[in-house]
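1 is the number of the first residue of the sequence shown in the UniProt record's numbering; add one for each residue after it.
Simulated pairs of lysine to aspartate or glutamate, DMTMM-like, Cα-Cα distance not exceeding 25 Å:
1) LYS20 <-> GLU45
2) LYS35 <-> GLU3
3) LYS20 <-> GLU31
4) LYS35 <-> ASP13
Simulated restraints on C-beta separations:
5) ASN42 <-> THR21: 18 to 26 Å
6) MET1 <-> PHE36: 24 to 32 Å
7) THR21 <-> GLU45: 18 to 26 Å
8) MET1 <-> GLY32: 33 to 41 Å
9) ILE4 <-> GLN39: 14 to 22 Å
10) SER19 <-> GLY44: 13 to 21 Å
11) ASN42 <-> SER19: 20 to 28 Å
Keep in mind that the hints were calculated from the coordinates and are not lab data.
No residue lacks a Cβ here, since even glycine has one placed at the ideal position from N, Cα and C.
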Amino acid sequence: MAEIRTGTCSWTDRTLLESKTFYPPGLKSAEGRLKFYAQHFNTGEVASTLYALP
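Turn these sequences into a full structure, and let the hints steer you where they fit.
Here it is as structure tokens:
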């Protein structure tokens, strides 16, 4: 059976930060946000090839 993975388009998106509904209020660092995100979603997007070839 196929596995379904869920996530958002960006764990650093300003709208997620400004909405104050997803991340805890005191969470400021990108590393902290990524750790929090990983507790709730089982996949994430890395758009590195969009900006430069690896």
